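**Q** Sequence:
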Amino acid sequence: VYDIWSDEGNLEAKTKSELARLKMNWTAPKVPFYERFYDERLERCMNLYLAPRQRKLRVTQRQCRSTFACTP
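Just so you know, we're using the UniProt record's numbering here: the sequence shown kicks off at 1 and counts up by one.
Possibly wrong hints are sitting among the right ones.
[What the hints assert, rightly or not] DEER-style ranges, computed between Cβ atoms:
no., residue 1, residue 2, range
1, 31, 53, 51 to 57 Å
2, 31, 57, 44 to 50 Å
3, 54, 32, 45 to 51 Å
4, 17, 39, 34 to 40 Å
5, 59, 29, 42 to 48 Å
6, 49, 29, 31 to 37 Å
7, 54, 29, 42 to 48 Å
8, 53, 19, 51 to 57 Å
9, 51, 29, 56 to 62 Å
10, 48, 16, 47 to 53 Å
11, 16, 53, 56 to 62 Å
12, 52, 29, 41 to 47 Å
13, 17, 44, 46 to 52 Å
Derived by calculation from the structure, the hints in this document are not laboratory data.
Since the model is a prediction, treat every value here as computed from it, not as a measurement.
For every residue, glycine included, the Cβ atom is placed at its ideal position computed from N, Cα and C.
My request is simple: use the sequences and hints to build the entire structure.
**A** What follows is the structure, encoded as structure tokens:
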């Protein structure tokens with residue numbers, strides 16, 4: 001267990017319960033807020049919602065017979 005806020009010399013003086021308490025109660029580092037996060041997320045969702053879907057072209061038997069030679 002490593003306490004990132006303590007100095008190196010103080011680590012041996014702590015008991016296991018103190019180290020466990022410190023391990024469980026540490027805060028995550030602060031990350032600055034991205035200002036355009038919600039705008040870009042909304043724009044992406046709208047692009048996916050409004051984009052036309054591509055249809056899968058299926059080949060019928062009549063088209064298959066006309067394009068390929070008949071094999072015995």
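**Q** Run through the hints listed earlier and report the numbers of any the structure violates, in increasing order.
**A** 1, 3, 4, 5, 9
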